[in-house]
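Student: Everything in the sequence shown is counted per the working numbering, starting at 70 for the first residue and increasing by one.
Treat the hints as calculated values from the structure; they're not laboratory data.
As the structure is a computational prediction, the values presented were derived from the model and not from experiment.
One or more of the hints may lead you astray.
Claimed, not checked - Distance condition first, Cα-Cα at most 30 Å in a straight line; then the derived DSSO-like pairs of lysine-lysine:
id, residue 1, residue 2
1, Lys472, Lys342
2, Lys282, Lys347
3, Lys347, Lys201
4, Lys450, Lys227
5, Lys201, Lys342
6, Lys282, Lys201
7, Lys282, Lys236
8, Lys201, Lys472
9, Lys472, Lys282
10, Lys347, Lys445
11, Lys172, Lys445
12, Lys472, Lys227
13, Lys236, Lys172
14, Lys236, Lys445
As the list claims (entries may be wrong) - Computed beta-carbon distance windows for the label pairs:
id, residue 1, residue 2, range
15, Lys472, Leu332, 26 to 32 Å
16, Val163, Ala436, 46 to 52 Å
17, Val127, Ile454, 30 to 36 Å
18, Met229, Gly403, 28 to 34 Å
19, Val335, Ala107, 24 to 30 Å
20, Thr317, Leu470, 39 to 45 Å
21, Val163, Asn435, 20 to 26 Å
22, Met233, Val148, 30 to 36 Å
23, Gly403, Ser78, 23 to 29 Å
24, Leu336, Lys472, 24 to 30 Å
25, Ala107, Leu176, 41 to 47 Å
26, Gly315, Ala458, 46 to 52 Å
By construction, the Cβ of each residue, glycine as well, lies at the ideal position given by its N, Cα and C atoms.
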Amino acid sequence: MSSQQSPLSIGIRLSIMMFLEFFVWGAWYVTVGNYMGANGMGDAIYWAYTVGPIAAIVSPFVLGMVADRFFSSERVLAVLMIIGGAVLYMAPSVVGENGEGSKTFILLLLLHMLCYMPTLGLTNTIAFSHLKNQEVWFPLVRVFGTLGWIVANIIVSKVMGADMTSKPLLVAGGAGVLMGLYSLTLPHTPPPSKGKAISVRDILGLDSLALLKDRSFLVFMASSLLICIPLAAYYAYAPVFVADAGITNPAFKMSFGQMSEVLFMVLMPIFFKFLGVKRMLLFGMFAWVVRYALFAAGASDGVAWMIICGILLHGICYDFFFVTGQIYVDQKAGPAIRAQAQGFLVLATQGVGMLVGALISGNLINAIVIGEGAAKLQTWKEFWIIPTAAAFVIMVIFMILFKDDPKGSGKVSEEDVEKAAGTEEMM
Numbered sequence: 070m071s072s073q074q075s076p077l078s079i080g081i082r083l084s085i086m087m088f089l090e091f092f093v094w095g096a097w098y099v100t101v102g103n104y105m106g107a108n109g110m111g112d113a114i115y116w117a118y119t120v121g122p123i124a125a126i127v128s129p130f131v132l133g134m135v136a137d138r139f140f141s142s143e144r145v146l147a148v149l150m151i152i153g154g155a156v157l158y159m160a161p162s163v164v165g166e167n168g169e170g171s172k173t174f175i176l177l178l179l180l181h182m183l184c185y186m187p188t189l190g191l192t193n194t195i196a197f198s199h200l201k202n203q204e205v206w207f208p209l210v211r212v213f214g215t216l217g218w219i220v221a222n223i224i225v226s227k228v229m230g231a232d233m234t235s236k237p238l239l240v241a242g243g244a245g246v247l248m249g250l251y252s253l254t255l256p257h258t259p260p261p262s263k264g265k266a267i268s269v270r271d272i273l274g275l276d277s278l279a280l281l282k283d284r285s286f287l288v289f290m291a292s293s294l295l296i297c298i299p300l301a302a303y304y305a306y307a308p309v310f311v312a313d314a315g316i317t318n319p320a321f322k323m324s325f326g327q328m329s330e331v332l333f334m335v336l337m338p339i340f341f342k343f344l345g346v347k348r349m350l351l352f353g354m355f356a357w358v359v360r361y362a363l364f365a366a367g368a369s370d371g372v373a374w375m376i377i378c379g380i381l382l383h384g385i386c387y388d389f390f391f392v393t394g395q396i397y398v399d400q401k402a403g404p405a406i407r408a409q410a411q412g413f414l415v416l417a418t419q420g421v422g423m424l425v426g427a428l429i430s431g432n433l434i435n436a437i438v439i440g441e442g443a444a445k446l447q448t449w450k451e452f453w454i455i456p457t458a459a460a461f462v463i464m465v466i467f468m469i470l471f472k473d474d475p476k477g478s479g480k481v482s483e484e485d486v487e488k489a490a491g492t493e494e495m496m
């Protein structure tokens, strides 16, 4: 951290970064399913939720090679956000009547997410590089990302009433360009591996695989991947379910989950002190089980309070598992492979897990959720039972196999990296 900048000044700058980062995503991601349904693309909604995971699978290459080696993180962030914002702004222009142009629309969403997804790891890398006492300060900075998501949902849903229109995509695109310009003002974060010779190991981000020698880290990564399979159903179809249940301004109501995120993000340092990593992660997974169970129980009659309570649980679901997981990964990896390790987490969760989940949930929706009115709500109940059961099984497996490491041992060493690279010559 620069000696000329106070911790408060750095914290404010990083908080604005997080606000804009998640404003962009929140502005379009919650409404796109209802927009597609209103424009003849209902059967293809799940494809819009595969583009992010596909991009997440690619992002470790950007984080592991480009951001770690050639360019400062804030400059890579700026370029990606400007290009991605411009593409997203253009996406609605290709949609015609009765869903014409849907394939081109999905391809433009994919191009946007190929630019956007690496920025999740980049913003974490910038924040972790300039914050001290991360367990205290990172949640306080990261909470502004949640506020950005909330404000975006309020603007496009409550203020503009635009859940079924293209306006959220335009708002998000413009915000992306603004975020790119702001990124040029962020604290300088040089590439940690500058000057190091390029190898296959570096291009593929294999240094971070050395972390998997720790059984608990392996269990954590496997559980993170698996829990994202049922999570995909929430992101893709909860807003559609809320609208079918007769609840107005669905994106605004979905933002209640992010509002609860703010509360639990601020309280996270206290929970860390008394619960530790394992209990934090378990509470997050258990909240997912309860959330899907509430959706299933409230679906048949469109019970608003059950559905809203399920949404409110998102704060525990996200903060206790994902934010805790980001801190856990950073503690295990250390500065040498910080960007690669965060990219590896993105690959497993937002990539493979969410991709598999989107494909499974999309096909289940198209097969199960049919009909109109009360009959359709009954099929929603049948659908939500499936992620409830899946999340419960994953939680139990994690509880049995994961061992907490309060002292932070198990951090990857240079020797571990060399061992992980032992087969490089054969590749």
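Student: Among all the numbered hints in the text so far, which are the ones the structure does not match?
Tutor: 7, 10, 12, 16, 18, 19, 25, 26
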